[in-house]
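Residues per chain, in single letters:
Number of protein chains: 4
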Amino acid sequence: MEINGVEIEDTFAEGFPIKIARVLITAISQRWAVSAAQEATGFGTSVIGCPAEAGIECIVPADQTPDGRPGVYIQICNMGYKNLEMSLLNRIGQCVLTAPTTAVFNGLPEAEKQFDTGKKLGYFGDGHQCDIDLKGRTMCKIPLMEGDFLTEHFFGAVDGIAGGNFYIEAQNQAAALTAAEVAVDEIAKRKGTITPFPGGVVASGSKVGSKYKFLKASTNASFCPSLREDGTCTLPEEVSSVYEIVINGVSREVIEEAMKAGIEAACTVPGVLRISAGNFGGKLGPHHFHLHKILQ
Amino acid sequence: MEINGVEIEDTFAEGFPIKIARVLITAISQRWAVSAAQEATGFGTSVIGCPAEAGIECIVPADQTPDGRPGVYIQICNMGYKNLEMSLLNRIGQCVLTAPTTAVFNGLPEAEKQFDTGKKLGYFGDGHQCDIDLKGRTMCKIPLMEGDFLTEHFFGAVDGIAGGNFYIEAQNQAAALTAAEVAVDEIAKRKGTITPFPGGVVASGSKVGSKYKFLKASTNASFCPSLREDGTCTLPEEVSSVYEIVINGVSREVIEEAMKAGIEAACTVPGVLRISAGNFGGKLGPHHFHLHKILQ
Amino acid sequence: MEINGVEIEDTFAEGFPIKIARVLITAISQRWAVSAAQEATGFGTSVIGCPAEAGIECIVPADQTPDGRPGVYIQICNMGYKNLEMSLLNRIGQCVLTAPTTAVFNGLPEAEKQFDTGKKLGYFGDGHQCDIDLKGRTMCKIPLMEGDFLTEHFFGAVDGIAGGNFYIEAQNQAAALTAAEVAVDEIAKRKGTITPFPGGVVASGSKVGSKYKFLKASTNASFCPSLREDGTCTLPEEVSSVYEIVINGVSREVIEEAMKAGIEAACTVPGVLRISAGNFGGKLGPHHFHLHKILQ
Amino acid sequence: MEINGVEIEDTFAEGFPIKIARVLITAISQRWAVSAAQEATGFGTSVIGCPAEAGIECIVPADQTPDGRPGVYIQICNMGYKNLEMSLLNRIGQCVLTAPTTAVFNGLPEAEKQFDTGKKLGYFGDGHQCDIDLKGRTMCKIPLMEGDFLTEHFFGAVDGIAGGNFYIEAQNQAAALTAAEVAVDEIAKRKGTITPFPGGVVASGSKVGSKYKFLKASTNASFCPSLREDGTCTLPEEVSSVYEIVINGVSREVIEEAMKAGIEAACTVPGVLRISAGNFGGKLGPHHFHLHKILQ
Numbered sequence: 002m003e004i005n006g007v008e009i010e011d012t013f014a015e016g017f018p019i020k021i022a023r024v025l026i027t028a029i030s031q032r033w034a035v036s037a038a039q040e041a042t043g044f045g046t047s048v049i050g051c052p053a054e055a056g057i058e059c060i061v062p063a064d065q066t067p068d069g070r071p072g073v074y075i076q077i078c079n080m081g082y083k084n085l086e087m088s089l090l091n092r093i094g095q096c097v098l099t100a101p102t103t104a105v106f107n108g109l110p111e112a113e114k115q116f117d118t119g120k121k122l123g124y125f126g127d128g129h130q131c132d133i134d135l136k137g138r139t140m141c142k143i144p145l146m147e148g149d150f151l152t153e154h155f156f157g158a159v160d161g162i163a164g165g166n167f168y169i170e171a172q173n174q175a176a177a178l179t180a181a182e183v184a185v186d187e188i189a190k191r192k193g194t195i196t197p198f199p200g201g202v203v204a205s206g207s208k209v210g211s212k213y214k215f216l217k218a219s220t221n222a223s224f225c226p227s228l229r230e231d232g233t234c235t236l237p238e239e240v241s242s243v244y245e246i247v248i249n250g251v252s253r254e255v256i257e258e259a260m261k262a263g264i265e266a267a268c269t270v271p272g273v274l275r276i277s278a279g280n281f282g283g284k285l286g287p288h289h290f291h292l293h294k295i296l297q
Numbered sequence: 002m003e004i005n006g007v008e009i010e011d012t013f014a015e016g017f018p019i020k021i022a023r024v025l026i027t028a029i030s031q032r033w034a035v036s037a038a039q040e041a042t043g044f045g046t047s048v049i050g051c052p053a054e055a056g057i058e059c060i061v062p063a064d065q066t067p068d069g070r071p072g073v074y075i076q077i078c079n080m081g082y083k084n085l086e087m088s089l090l091n092r093i094g095q096c097v098l099t100a101p102t103t104a105v106f107n108g109l110p111e112a113e114k115q116f117d118t119g120k121k122l123g124y125f126g127d128g129h130q131c132d133i134d135l136k137g138r139t140m141c142k143i144p145l146m147e148g149d150f151l152t153e154h155f156f157g158a159v160d161g162i163a164g165g166n167f168y169i170e171a172q173n174q175a176a177a178l179t180a181a182e183v184a185v186d187e188i189a190k191r192k193g194t195i196t197p198f199p200g201g202v203v204a205s206g207s208k209v210g211s212k213y214k215f216l217k218a219s220t221n222a223s224f225c226p227s228l229r230e231d232g233t234c235t236l237p238e239e240v241s242s243v244y245e246i247v248i249n250g251v252s253r254e255v256i257e258e259a260m261k262a263g264i265e266a267a268c269t270v271p272g273v274l275r276i277s278a279g280n281f282g283g284k285l286g287p288h289h290f291h292l293h294k295i296l297q
Numbered sequence: 002m003e004i005n006g007v008e009i010e011d012t013f014a015e016g017f018p019i020k021i022a023r024v025l026i027t028a029i030s031q032r033w034a035v036s037a038a039q040e041a042t043g044f045g046t047s048v049i050g051c052p053a054e055a056g057i058e059c060i061v062p063a064d065q066t067p068d069g070r071p072g073v074y075i076q077i078c079n080m081g082y083k084n085l086e087m088s089l090l091n092r093i094g095q096c097v098l099t100a101p102t103t104a105v106f107n108g109l110p111e112a113e114k115q116f117d118t119g120k121k122l123g124y125f126g127d128g129h130q131c132d133i134d135l136k137g138r139t140m141c142k143i144p145l146m147e148g149d150f151l152t153e154h155f156f157g158a159v160d161g162i163a164g165g166n167f168y169i170e171a172q173n174q175a176a177a178l179t180a181a182e183v184a185v186d187e188i189a190k191r192k193g194t195i196t197p198f199p200g201g202v203v204a205s206g207s208k209v210g211s212k213y214k215f216l217k218a219s220t221n222a223s224f225c226p227s228l229r230e231d232g233t234c235t236l237p238e239e240v241s242s243v244y245e246i247v248i249n250g251v252s253r254e255v256i257e258e259a260m261k262a263g264i265e266a267a268c269t270v271p272g273v274l275r276i277s278a279g280n281f282g283g284k285l286g287p288h289h290f291h292l293h294k295i296l297q
Numbered sequence: 002m003e004i005n006g007v008e009i010e011d012t013f014a015e016g017f018p019i020k021i022a023r024v025l026i027t028a029i030s031q032r033w034a035v036s037a038a039q040e041a042t043g044f045g046t047s048v049i050g051c052p053a054e055a056g057i058e059c060i061v062p063a064d065q066t067p068d069g070r071p072g073v074y075i076q077i078c079n080m081g082y083k084n085l086e087m088s089l090l091n092r093i094g095q096c097v098l099t100a101p102t103t104a105v106f107n108g109l110p111e112a113e114k115q116f117d118t119g120k121k122l123g124y125f126g127d128g129h130q131c132d133i134d135l136k137g138r139t140m141c142k143i144p145l146m147e148g149d150f151l152t153e154h155f156f157g158a159v160d161g162i163a164g165g166n167f168y169i170e171a172q173n174q175a176a177a178l179t180a181a182e183v184a185v186d187e188i189a190k191r192k193g194t195i196t197p198f199p200g201g202v203v204a205s206g207s208k209v210g211s212k213y214k215f216l217k218a219s220t221n222a223s224f225c226p227s228l229r230e231d232g233t234c235t236l237p238e239e240v241s242s243v244y245e246i247v248i249n250g251v252s253r254e255v256i257e258e259a260m261k262a263g264i265e266a267a268c269t270v271p272g273v274l275r276i277s278a279g280n281f282g283g284k285l286g287p288h289h290f291h292l293h294k295i296l297q
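Just so you know, the protein sequences line up as chains P, F, E and W, in that order. Going by the working numbering, 30 is the number at position 29 of the first sequence; the sequence numbering is gapless. Going by the working numbering, 182 is the number at position 181 of the second sequence; the sequence numbering is gapless. Going by the working numbering, 157 is the number at position 156 of the third sequence; the sequence numbering is gapless. Going by the working numbering, 24 is the number at position 23 of the fourth sequence; the sequence numbering is gapless.
Note that these hints are calculated values from the structure, not bench results. Not one of these hints is a red herring.
As the list makes no split between identical chains, a pair holds if one copy fits it or if it spans any two.
The calculated DMTMM-like cross-link candidates involving lysine to aspartate or glutamate, where the alpha carbons are at most 25 angstroms apart (straight line), are:
id, residue 1, residue 2
1, Lys192, Asp68
2, Lys190, Asp68
3, Lys136, Glu111
4, Lys120, Asp149
5, Lys190, Glu258
Turn these sequences into a full structure, and let the hints steer you where they fit.
Here's what the structure looks like:
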């Protein structure tokens, strides 16, 4: 299979289950909503070493938010609802309540699982907090130095999928990275998914396990272009750099759409040679995304 | 005291000791260096609820970095060297090693305290890592899917100061926030300090303690403009919004310079009425920054 | 009439006829498409002193462009088709053909009026240019140092409207400007209109004519807050700054939608006191946009 | 000669004399100063088809400007002082006076040639303008809807140089473009020069003349990678994309420094194969910049 002259390998991405909370942040301007979202979703690439996985999902226009201000949806992901609840409380409490002009709304109001994070945040008001109604939503109003902060009482969470992914193999680093940037930009225009790594891109795709017992993951040696001499690297000769795009999402469908949009966009960049994907032979997770099926 | 017609209150900011590590991140372009730095310093506003305090210190031109590429200095701060070492390992390992095209260098090579974080990161290479020399610096080279990642073996840390601050009191939120943005921009052009909150700005200045026993900090009620009716708020009548700029730095001097630059810039914005600062009567920390002295 | 507590004056904006060409620029990434678009639409605020009026209309995802790459629509406006044709040739030739990785497509393929600008640009190929077909569109391929540049042969233009507008009156400059930024951001998310002034905002609203015979337009003195002492300024006492948003568009409908979205967004910003609009009592143009009708 | 493994061709760039005016724009924030500067310097790549050449020179901190606000230096260039004076009046009048919160200062106060552009702009005030002193500078104060606009009376201009340049030849477009971006970023950190093309980069390097008599310049065919079959292209086989960085500056020295910084930065990007430069055998201009001399 080829797109725009780029080979699509006949392989699959392997995802695993994760719990995902979704929060809508609004602010006085899009710029400040994004600023809060960046802080709240930072240090959030992989649960292997970060306290959560997190990212910006998409920007929404002012007329699609409850308070008529520009908005940004973020996702916070963790293994198990208990960890997720703690992540939600700390990240909203430390990075959104503290951010200029923000308000926060439940991004999954119809989910079965609902955390009362907003109610808990209210205690920061030291007794001055109170409840108000905003177009049918119960909000806690907390007096701050900047004015009042509004947070919805509840935030929903669902069983989502982490680790959707594809690889961009290219003639050199700049081509692979430009394609990765373009792919991430297009994914960011769609709802339901995040690309939690820095700038949406993974430089250091990994395999499960390592020769060191204390390490759960290590470099994906067979895809490392500088390990060619001893035959460790099995990449085609002309590939000298590979980036991975990792995608988390609230459903299988949104991940498939994001993979399709990202791959098609990546294939327009000169110097991209092949698209592949990362899997662990089924050892890691039950969710398999076959490239050829998704791109039909 | 007045600057540009803005009253400078005769008060002081109260800082407290913190341990600070400083890392230089370089990348293929300034944009990608900043992207890595943002991820690595996210979820890092306050040690009250974040695993560390962290921020971007400044951008440096390509001719001022060891590998001739554009660079960004970041600071990671924590209470005690043990916590700091863990923060450093996780944040560099998860957010910079994983970021496209980055290399990392010791930002405090002359500090007495040095962590061997780079050596530890090397294990990700699964045996394929090796040491190289880059202009007198010992670097670990780790093969990745994108190419090779370089990290210096050691990263220095020092006894620094957290909680340098000033308040911007204004006629309304937009004026206070514009002044805060301008102040943060000017501080970012100087070396040695970070403003760890979202976009560099704190919307929710706090006091130590709370009426709820489980809460260490709560809203600074006497500076909350919406708590005027019962006399809780003691702000001047015409002030309707207050932002705080919190500054961490590697020395008293750099914090004083940052406060001076930030306050002077803030005072150029129409609608700013008064500059104040946050202290806890000496209860929190030994480092006092008197506004009138700094601005002489 | 009030929105969110902000008074909407019972007045109207007065627009005038202008010719508008619309061009789709695609590039290797959204960032580079925007970069070309900024250069091509610069020095383009008002036909009073600029060679054309021009601006970025909106960004489109890669799957909505003929070559599957990220795109940006721009508009170039002038008085009369002859001037417009010259503007189109110079701005595309000097600012888009010269910009990295771009291609240009007809943004109004169904318009009656069509300029053969792409054919003319072809001569830059010095005989090496040739025609190709791209999904039914006839494109001229011009060999460049970066690779090949593609331009569609024809670019359509229509009778549009310039000078749609509204005023944001606020307590101070920062509030008015923040509201203006928010309004412009929301307008930019819609198709069909541009806001040609710097950052989309006019600081210097003008009246027709002047006491100096050589000047066609001069400061709108009755809206200048600093001219209160002698009664020249007729603004409410509490207004100290006013920004105007000027909107050009391909039809009356798109301007009305843009005005509605912009005004509603502006009214969410604290410190905004009143929305008004600029007209010249019908002297300037036949297109009247009554605020109360648009905001019904 | 080689830098970082990249060949530096033994050739020279050929510049020509141009008149350059330099203006300092300040604004309420760096963002708005840049916004005004972008509008004022747009449609300004080459005097062949633009009414002037123009660009952003550098950003300066608030403590280095006369009014203590963030600033941006721009340059406007034209053939002959008469054309330049007209460009200055139109671009400042239409794109900076109209831009939110700006003030403008003379960027070359010690030049012999001084235009009274600020005095002329004053007439927009329709008789309400007046002169004030700002730290020894005579400024015209013009009442606007946003508040008062300040412009210095005079703006200086000098005999400068246009057309300083170098070529980046690379394995593919993404590598060449990434290197170009990095080079432009580093040049922008230095004073005295501009890179007037879109994003600082030229995609379409040209030769003087053409087979069509009506065309003064045409594609530089011998550097066009797609013209290899008939031997027109004389680039090395492995080069598939070339970008040119064009530099204007107020003196020979600043252009040499900019070329050096830009070339050295470009040579850090993987996939860059050779640096060259554009000249016309001495036909175009008297200013020759030999790469090997500059990079010594």
